[in-house]
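J.: Chain by chain, the residues:
Protein chains: 2
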Amino acid sequence: MMSENGALPLRGKVLTVDTMNANVKKVDYAVRGPIVQRAVQIEKELKEGVKKPFEEVIKANIGDAHAMGQRPITFFRQVMALCTYPQLLDDNKFPEDAKNRARRILQSCGGNSIGAYTTSQGIDCVRHDVANYIQRRDGGIPSDPDNIYLTTGASDGIVTILKLLTAGEGRTRTGVMISIPQYPLYSASIAELGAVQINYYLNEEKCWSLDISELQRSLQAAREHCDPRVLCIINPGNPTGQVQSRQCIEDVIRFAVKENLFLMADEVYQDNVYAEGCEFHSFKKVLFEMGPEYSSKVELASFHSTSKCYMGECGFRGGYMEVINMDPEVKAQLTKLVSVRLCPPAPGQALMDLVVNSPQPGEPSYQTFIKERTDVLSALAEKAKLTEEILNTVPGISCNPVQGAMYSFPRITLPERAINEAKAKGQAPDMFYCMKLLEETGICLVPGSGFGQREGTYHFRMTILPPTDKLKIMLNKLKEFHQKFTQQYS
Amino acid sequence: MMSENGALPLRGKVLTVDTMNANVKKVDYAVRGPIVQRAVQIEKELKEGVKKPFEEVIKANIGDAHAMGQRPITFFRQVMALCTYPQLLDDNKFPEDAKNRARRILQSCGGNSIGAYTTSQGIDCVRHDVANYIQRRDGGIPSDPDNIYLTTGASDGIVTILKLLTAGEGRTRTGVMISIPQYPLYSASIAELGAVQINYYLNEEKCWSLDISELQRSLQAAREHCDPRVLCIINPGNPTGQVQSRQCIEDVIRFAVKENLFLMADEVYQDNVYAEGCEFHSFKKVLFEMGPEYSSKVELASFHSTSKCYMGECGFRGGYMEVINMDPEVKAQLTKLVSVRLCPPAPGQALMDLVVNSPQPGEPSYQTFIKERTDVLSALAEKAKLTEEILNTVPGISCNPVQGAMYSFPRITLPERAINEAKAKGQAPDMFYCMKLLEETGICLVPGSGFGQREGTYHFRMTILPPTDKLKIMLNKLKEFHQKFTQQYS
Numbered sequence: 001m002m003s004e005n006g007a008l009p010l011r012g013k014v015l016t017v018d019t020m021n022a023n024v025k026k027v028d029y030a031v032r033g034p035i036v037q038r039a040v041q042i043e044k045e046l047k048e049g050v051k052k053p054f055e056e057v058i059k060a061n062i063g064d065a066h067a068m069g070q071r072p073i074t075f076f077r078q079v080m081a082l083c084t085y086p087q088l089l090d091d092n093k094f095p096e097d098a099k100n101r102a103r104r105i106l107q108s109c110g111g112n113s114i115g116a117y118t119t120s121q122g123i124d125c126v127r128h129d130v131a132n133y134i135q136r137r138d139g140g141i142p143s144d145p146d147n148i149y150l151t152t153g154a155s156d157g158i159v160t161i162l163k164l165l166t167a168g169e170g171r172t173r174t175g176v177m178i179s180i181p182q183y184p185l186y187s188a189s190i191a192e193l194g195a196v197q198i199n200y201y202l203n204e205e206k207c208w209s210l211d212i213s214e215l216q217r218s219l220q221a222a223r224e225h226c227d228p229r230v231l232c233i234i235n236p237g238n239p240t241g242q243v244q245s246r247q248c249i250e251d252v253i254r255f256a257v258k259e260n261l262f263l264m265a266d267e268v269y270q271d272n273v274y275a276e277g278c279e280f281h282s283f284k285k286v287l288f289e290m291g292p293e294y295s296s297k298v299e300l301a302s303f304h305s306t307s308k309c310y311m312g313e314c315g316f317r318g319g320y321m322e323v324i325n326m327d328p329e330v331k332a333q334l335t336k337l338v339s340v341r342l343c344p345p346a347p348g349q350a351l352m353d354l355v356v357n358s359p360q361p362g363e364p365s366y367q368t369f370i371k372e373r374t375d376v377l378s379a380l381a382e383k384a385k386l387t388e389e390i391l392n393t394v395p396g397i398s399c400n401p402v403q404g405a406m407y408s409f410p411r412i413t414l415p416e417r418a419i420n421e422a423k424a425k426g427q428a429p430d431m432f433y434c435m436k437l438l439e440e441t442g443i444c445l446v447p448g449s450g451f452g453q454r455e456g457t458y459h460f461r462m463t464i465l466p467p468t469d470k471l472k473i474m475l476n477k478l479k480e481f482h483q484k485f486t487q488q489y490s
Numbered sequence: 001m002m003s004e005n006g007a008l009p010l011r012g013k014v015l016t017v018d019t020m021n022a023n024v025k026k027v028d029y030a031v032r033g034p035i036v037q038r039a040v041q042i043e044k045e046l047k048e049g050v051k052k053p054f055e056e057v058i059k060a061n062i063g064d065a066h067a068m069g070q071r072p073i074t075f076f077r078q079v080m081a082l083c084t085y086p087q088l089l090d091d092n093k094f095p096e097d098a099k100n101r102a103r104r105i106l107q108s109c110g111g112n113s114i115g116a117y118t119t120s121q122g123i124d125c126v127r128h129d130v131a132n133y134i135q136r137r138d139g140g141i142p143s144d145p146d147n148i149y150l151t152t153g154a155s156d157g158i159v160t161i162l163k164l165l166t167a168g169e170g171r172t173r174t175g176v177m178i179s180i181p182q183y184p185l186y187s188a189s190i191a192e193l194g195a196v197q198i199n200y201y202l203n204e205e206k207c208w209s210l211d212i213s214e215l216q217r218s219l220q221a222a223r224e225h226c227d228p229r230v231l232c233i234i235n236p237g238n239p240t241g242q243v244q245s246r247q248c249i250e251d252v253i254r255f256a257v258k259e260n261l262f263l264m265a266d267e268v269y270q271d272n273v274y275a276e277g278c279e280f281h282s283f284k285k286v287l288f289e290m291g292p293e294y295s296s297k298v299e300l301a302s303f304h305s306t307s308k309c310y311m312g313e314c315g316f317r318g319g320y321m322e323v324i325n326m327d328p329e330v331k332a333q334l335t336k337l338v339s340v341r342l343c344p345p346a347p348g349q350a351l352m353d354l355v356v357n358s359p360q361p362g363e364p365s366y367q368t369f370i371k372e373r374t375d376v377l378s379a380l381a382e383k384a385k386l387t388e389e390i391l392n393t394v395p396g397i398s399c400n401p402v403q404g405a406m407y408s409f410p411r412i413t414l415p416e417r418a419i420n421e422a423k424a425k426g427q428a429p430d431m432f433y434c435m436k437l438l439e440e441t442g443i444c445l446v447p448g449s450g451f452g453q454r455e456g457t458y459h460f461r462m463t464i465l466p467p468t469d470k471l472k473i474m475l476n477k478l479k480e481f482h483q484k485f486t487q488q489y490s
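Line order of the protein sequences matches chains W and G. Residue numbers 1 to 490, in the UniProt record's numbering, belong to the letters of the first sequence in order. Residue numbers 1 to 490, in the UniProt record's numbering, belong to the letters of the second sequence in order.
So that you can see chain W by itself, here it is in the shape it has in the complex:
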């Protein structure tokens, strides 16, 4: 109501930090946290001519291949251009296989336009192609297109499945087991949904491998205060870069059966395996090879994306998930839930299709495609090795082999005085370290505390994505910085 003199009453905001969603406040997302915000600021300062001890910020904080100079796969972009502007189908600059892919995708779109909504689960022919890809990848184990849901990046699928699984209150609240270190999408989504985060620690001494005894310990402790129902695995690992052995996956599946857990397998780095003797095994494949007693029982959702591997098409937000043994009534609920957001972006769906249905021998684009893919993957393998080698020459830094994915997660020894100074500032010691590194060298990394680590240990995550020359410079700058930092605080 107006007051007597006609002025509006004083009023506070409707929405304040005190009255907002409390779960959202608990969300933390280090990959784009304070250190990245400061990096963006520094970039602006550099542009404005502010003098710094470096000329550019090197962002090794996020798995963003194109931003680091990786070129898109020509075939993928040709098809996408054809889908976007079909007049180009008459242009003889474009190879026939690209045109065929584009025509096929467009025929599956409403009004033959990629601007139409698709079905909520995703374009029919894309889901079929995804199922065929999985079947080929997994040595013939069948995949049903009805179990495939296209998603807005893998993140979207992961959040959706966690959402379905979140229920109960207090001691019956859903608990979600995640590895520590973890990719912070998991902790963030668990916080947002108000589920309970259950940490199991990877074994740094054994190359970040997963010990069943640790799973058991963590589960038992969690059962005291919540209802553990989900086990999340990232393989190849983010941020830790390990590749799980077949044996380990089998053990995890047995554990899930024994303990009645829903399995979520984040396999977005499935093509990113570099170390000799390592191989990617999908959870789906191992599950089915263990026989019908397992393959008919275990509830599994696995996730893939257009953002990683050799294509690195993050901006398109393409992805899929496959759900195995999901209760049909729950599946109907899932389909309903995804329909509220209408559909994943159609260009991302089309791109996902190309990833699972890439040029075949005999097709005009095959040679170029294979060359481009091989170039990217072998450069990554080289950089994985380089990173491990150079980092391990630095006293006070120890780095496990980067077996796969796109990251190294080295352990750093910090002097007592640096730890104390950080604590006095209310900062995690590795945040303090990374912030100093950024200010002095322009290198942007993410502190280990953003991913979780054993109490009293410190790490950072660094992508191996910068071009080899730049990566070498960066690693040597890092070496120099670490030595200086150690001296300064000793």
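Errors might be hidden in some of the hints.
One copy or two, it doesn't matter: identical chains are merged, so the pair holds either way.
[Unchecked claim] Simulated pairs of lysine-lysine, DSBU-like, Cα-Cα distance not exceeding 30 Å: (1) K423 - K336; (2) K163 - K336; (3) K285 - K13; (4) K336 - K47; (5) K484 - K52; (6) K258 - K423; (7) K331 - K423; (8) K93 - K479; (9) K336 - K26; (10) K52 - K371; (11) K331 - K258; (12) K25 - K163; (13) K371 - K51; (14) K47 - K99; (15) K336 - K25; (16) K26 - K479; (17) K385 - K484; (18) K44 - K470; (19) K206 - K25; (20) K163 - K479.
It should be emphasised that the hints constitute simulated quantities derived from the structure, not laboratory data.
Please build the complex by placing chain G on the supplied structure of chain W, with the hints as guidance.
T.: Below, chain G without anything else, positioned relative to chain W:
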């Protein structure tokens, strides 16, 4: 544990309808509900050669312009193709203004690639263009790019703001006021978040206008059992097609101030205004024209999208929101929250840029652009009129003028016997009607019960998007069906 004979123990599913997220179960989304699922089935049956009394399904259930044959705007698709496959920048088939737009967008992308992640809030230059567009649209009232968040369609923005606002338990739980009839994204998101839905009824007798006295009634009733904090408005209206008067918007703003409500203005149909004497007024503009006493106080989020208006690019999932007077600490939380999903799809962001930064007089693409836009909008205006006119010739159907948006929401009179038969089947009477319509004519509409309506009234939502010829056929088939249906059940 294995049992003694080595067999795995019997176990039920981890995830069942009984143990899943209870809020998700409450979600309902009629626009893609059972009737649409049946339509998809029928399409399959037709393909398989099953004989039906019609040859094709006409989907008038969803605002999906391209699926209904509308052609994309040439300029938009040219720029998108250039962004996707920059080799085309050397091709003289593409006009210079399209190339300039593409170059500018690519320069704002990491590694000049639309495949890189963007900042979570959205590409810088796109947010600037959006702010400039709003400023032009609103007669010079300033807009700050820092208040612009790019989104994955408007839906994503709406859910995000509702998420921030959802707090409290029991009687302090956040209440969200939504119009009835409403667009079911609102009821679905409110259910998913566990917030409280507060219905205010639009006045069908006065062309679906909004009465402040009804807002007051609805708010008062809600205060008995929850904490009403948000008022959602859809203007132009979905599903009801009304366009709010400037006076009404002022009244709503005064009401929001008086009652301490956060305003959410869904303005995705801002270019879809057809009726003479009607004009689109943005909430932002009216708010600022009411003077600083209002413009410095009212918290407002408004939403726009690439999916509607004259472009109808639904598949790209582009959108933006502008937040006004949001508490800076909450804004920081919002920025953090959106960063968890990394970024909206980059192609959708680029497309949003073109919508707010379309060809200007003097640029080579201007004439074609204007012609294409005008053609779409005048065809829609014609179809809006046609729909109203033909429907109102049917005894038992009464249809308000379609002043804007893309839908008619006529009221239908159903014979008592039909109502009883529906109820006996456990169906809403208008669902029963629409299902019969679909089976007998192939026309797919959404029953009014999916949007909400006054007790004892029945409606359907029909898009005006089919091409004029098809629309006429459809309306006449509908007329015939209604007469037959009425006879049959009288």
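J.: A separate judgement is required for each hint: does it hold in the structure or not?
T.: Hints and how they fare:
{"no.": "1", "hint": "K423 - K336", "verdict": "between (48 Å within a copy, 24 Å between copies)"}
{"no.": "2", "hint": "K163 - K336", "verdict": "both (13 Å within a copy, 19 Å between copies)"}
{"no.": "3", "hint": "K285 - K13", "verdict": "between (54 Å within a copy, 20 Å between copies)"}
{"no.": "4", "hint": "K336 - K47", "verdict": "between (48 Å within a copy, 25 Å between copies)"}
{"no.": "5", "hint": "K484 - K52", "verdict": "within (18 Å within a copy, 80 Å between copies)"}
{"no.": "6", "hint": "K258 - K423", "verdict": "neither (42 Å within a copy, 47 Å between copies)"}
{"no.": "7", "hint": "K331 - K423", "verdict": "between (48 Å within a copy, 28 Å between copies)"}
{"no.": "8", "hint": "K93 - K479", "verdict": "neither (48 Å within a copy, 51 Å between copies)"}
{"no.": "9", "hint": "K336 - K26", "verdict": "both (28 Å within a copy, 11 Å between copies)"}
{"no.": "10", "hint": "K52 - K371", "verdict": "neither (40 Å within a copy, 52 Å between copies)"}
{"no.": "11", "hint": "K331 - K258", "verdict": "within (23 Å within a copy, 45 Å between copies)"}
{"no.": "12", "hint": "K25 - K163", "verdict": "both (18 Å within a copy, 11 Å between copies)"}
{"no.": "13", "hint": "K371 - K51", "verdict": "neither (42 Å within a copy, 51 Å between copies)"}
{"no.": "14", "hint": "K47 - K99", "verdict": "between (42 Å within a copy, 25 Å between copies)"}
{"no.": "15", "hint": "K336 - K25", "verdict": "both (28 Å within a copy, 9 Å between copies)"}
{"no.": "16", "hint": "K26 - K479", "verdict": "neither (35 Å within a copy, 56 Å between copies)"}
{"no.": "17", "hint": "K385 - K484", "verdict": "within (25 Å within a copy, 76 Å between copies)"}
{"no.": "18", "hint": "K44 - K470", "verdict": "within (21 Å within a copy, 55 Å between copies)"}
{"no.": "19", "hint": "K206 - K25", "verdict": "neither (35 Å within a copy, 43 Å between copies)"}
{"no.": "20", "hint": "K163 - K479", "verdict": "neither (43 Å within a copy, 44 Å between copies)"}
Going down the numbered hints, you'll see the structure goes against 6, 8, 10, 13, 16, 19, 20, while the others check out.
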